[in-house]
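Following the hints, put chain B in place on chain A, whose structure we already have.
This is what each chain is made of:
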Amino acid sequence: MDRLVSEVILMRAVDFGESDRIVHLLSPEVGRLTVIAKGARRSIKRFPGTLDLFNHLRVAVNRRRPGSMAMLEQATLLEPFLGLRVQSARYALASYLLELMDRMAPEGAARPDAQRLFGFVLSALRTLEGATPNARLRVLLELRAFDALGLRPELARCVRCGERPQGRVAFHVADGGVICGAHAGERSEGTLPVHVGTLKVLQQGLEYDYSRLGRLAFGPQALAEARQLLFRFQRFHVGIELRSERFLDESLGWAGLTPEST
Amino acid sequence: MHSSPAMERLVAALKHLPGIGEKSATRLAYFLLGTSDSLLRELSDAIARLKTDTAVCEVCFNLGDRSPCPICSDPRRDTSMICVVEEPADLASVEQSGAFRGLYHVLGGTLSPIDGMGPEALRIEELVARVAAGGVQEVILATNPNAEGDATAHYIADQLEKTEARLSRIAYGMPLGGDLEYADHVTVGRSLENRRDIR
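Here the protein sequences come in this chain order: A and B.
When we follow the numbering used here, the leftmost residue of the first sequence carries the number 7, and every step to the right adds one.
When we follow the numbering used here, the leftmost residue of the second sequence carries the number 1082, and every step to the right adds one.
It cannot be assumed that every hint is accurate.
What the hints assert, rightly or not - 27 Å max Cα-Cα, derived DSS-like pairs, lysine-lysine:
| no. | chain 1 | residue 1 | chain 2 | residue 2 |
| --- | --- | --- | --- | --- |
| 1 | B | K1132 | B | K1096 |
| 2 | A | K44 | B | K1243 |
| 3 | B | K1096 | A | K44 |
Unchecked claim - Partial chain B-side listing against chain A, Cβ under 10 Å, derived:
| no. | residue |
| --- | --- |
| 4 | I1101 |
| 5 | E1103 |
| 6 | Y1111 |
| 7 | G1189 |
| 8 | G1190 |
| 9 | L1192 |
| 10 | G1199 |
| 11 | E1201 |
| 12 | P1226 |
| 13 | N1227 |
| 14 | A1232 |
| 15 | A1234 |
| 16 | H1235 |
| 17 | Y1236 |
| 18 | A1264 |
| 19 | D1265 |
Derived by calculation from the structure, the hints in this document are not laboratory data.
Positions of the beta carbon are idealized from the N, C-alpha and C atoms, including for glycine.
This is chain A alone, in the form it adopts within the complex (with noise of 0.2 Å):
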């Protein structure tokens, strides 16, 4: 396919030389994709309006030049977002999951996984839009951001015997999943104390329809264990730290959690 036309999101552009600019999108049919686009900090004509962090766009790539990066030759507006940009927390919980997606989604992806990560980061966008951010509302959309990259954490069924969890149960970072009160004495180092519900109500933010994320109930206990859970699984399977993390924190009044502190 020399030339793709497609959807996309665009997650990051840096300057290149003295008139172009090097753009990270997300497609639906191809995953993260790389682009120059020629001309586009001196042009009024070529790109305008369109080369904008979180915009939703309609993008033709010319992927014809062995060896050299594929080339932007148009982009039409979409979807701006713009209510992104008029809220700290909401600018703050987009960059970040943009960010990830930018580091972790793959190149010239499967299409299934590519539509899957697209229709994430374009849900999510979405959601946040309309949106007051808060933790809970981040954890919520970490959670589905680990699902979108394939790196769902089991939280209904025992990763050592497949039972539902009761009573005094863990969640084993390593192994990305939930131990049951029968396979306690497995506990370890790596291992977070957890209680029932705080499980109930991730596995509920897996579930649940964007529109209603903003509507699951936490209380504090669960919202903390959610977090340390989250925070664990990510820099033990993610195994990235990612640069928007500390706004983020400020934006969400939430003190940074670092590795020591869990």
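Showing chain B alone in chain A's frame:
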């Protein structure tokens, strides 16, 4: 492989400049080799004195030859207005317009979490302190009209929530010499929202 170690050294140094690769560096090096001695001396002297002769204004963070800068120390400027810009180059553009006679505040960038640029990396606290010191009636937020610039403007507006000074944002719309046919729908929509009577 270049013709002399001096050429190689110059090409290697030029390649550190933004947007300059091997080919451009080589082209520049050959140009410099063929140019007059007086231009070479002027260029090397200008580069050598760039840092020592440049001062960051302690008030507005503009670049100049002294601090406070000529704008901040000019008694004819309107001290009741502050125009907030991202970089010194933006300040120069506003100055060139001749439409503003107040003072400036250079942020040193925009909020860009993806690039690790948070509020602590910008001169926002200093702006808040300037406004809190009194005498400012209007703060014009002239960051670029893109996602980062808009987000930064709204963040600053939140930080200045308690001030009584008027907070304004530069207008959005069609650029001079622009073409409606090529404009995006958001720009066209905002141009219509911000239209002005012509008689």
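Consistency of the hints with the structure:
In summary, the hint linking K1132 of chain B to K1096 of chain B is supported, as the alpha carbons are separated by about 20 Å, within the 27 Å threshold. At roughly 44 Å between alpha-carbon atoms, K44 of chain A and K1243 of chain B are farther apart than 27 Å, so this suggested pair is violated. The suggested pairing of K1096 of chain B with K44 of chain A holds, with an alpha-carbon distance near 21 Å, which does not exceed 27 Å. Below 10 Å, beta-carbon pairs count as interface contacts, and I1101 of chain B has one with chain A at about 9 Å; its hint therefore holds.
Given the 10 Å rule on beta carbons, the hint for E1103 of chain B is violated: about 14 Å separates it from the nearest Cβ of chain A. At about 20 Å, the closest approach between the beta carbon of Y1111 of chain B and any beta carbon in chain A exceeds 10 Å, and the interface hint on this residue is violated. Residue-level restraint check for G1189 of chain B is violated (minimum Cβ-Cβ distance to chain A is 16 Å; threshold 10 Å). For the restraint placing G1190 of chain B at the interface with chain A, the shortest Cβ-Cβ distance is roughly 13 Å, beyond the 10 Å limit, so the hint is violated.
With a least beta-carbon distance of about 7 Å to chain A, the hint placing L1192 of chain B at the interface is held under the 10 Å criterion. At about 4 Å, the closest approach between the beta carbon of G1199 of chain B and any beta carbon in chain A falls short of 10 Å, and the interface hint on this residue holds. Satisfaction of the interface hint for E1201 of chain B is found here, the shortest Cβ-Cβ separation to chain A being roughly 9 Å, below the 10 Å cut-off. The restraint placing P1226 of chain B at the interface with chain A holds, with a minimum CB-CB distance near 9 Å, inside the 10 Å limit.
The criterion of a C-beta within 10 Å of any C-beta in chain A is met by N1227 of chain B, whose closest approach is roughly 5 Å, and the hint holds. With 10 Å as the threshold, the beta carbon of A1232 of chain B comes within range of chain A, its nearest partner Cβ sitting at about 4 Å, so the hint holds. For the restraint placing A1234 of chain B at the interface with chain A, the shortest Cβ-Cβ distance is roughly 8 Å, inside the 10 Å limit, so the hint holds. At a threshold of 10 Å, the smallest CB-CB gap from H1235 of chain B to chain A is about 5 Å, leaving the interface hint in force.
Here the hint on Y1236 of chain B is kept, as its CB sits about 5 Å from the closest CB of chain A, short of 10 Å. Residue-level restraint check for A1264 of chain B holds (minimum Cβ-Cβ distance to chain A is 6 Å; threshold 10 Å). A cut of 10 Å between beta carbons decides the hint on D1265 of chain B: the least distance to chain A is about 3 Å, and the hint holds.
Going through the hint list in order, the structure does not satisfy hints 2, 5, 6, 7, 8.
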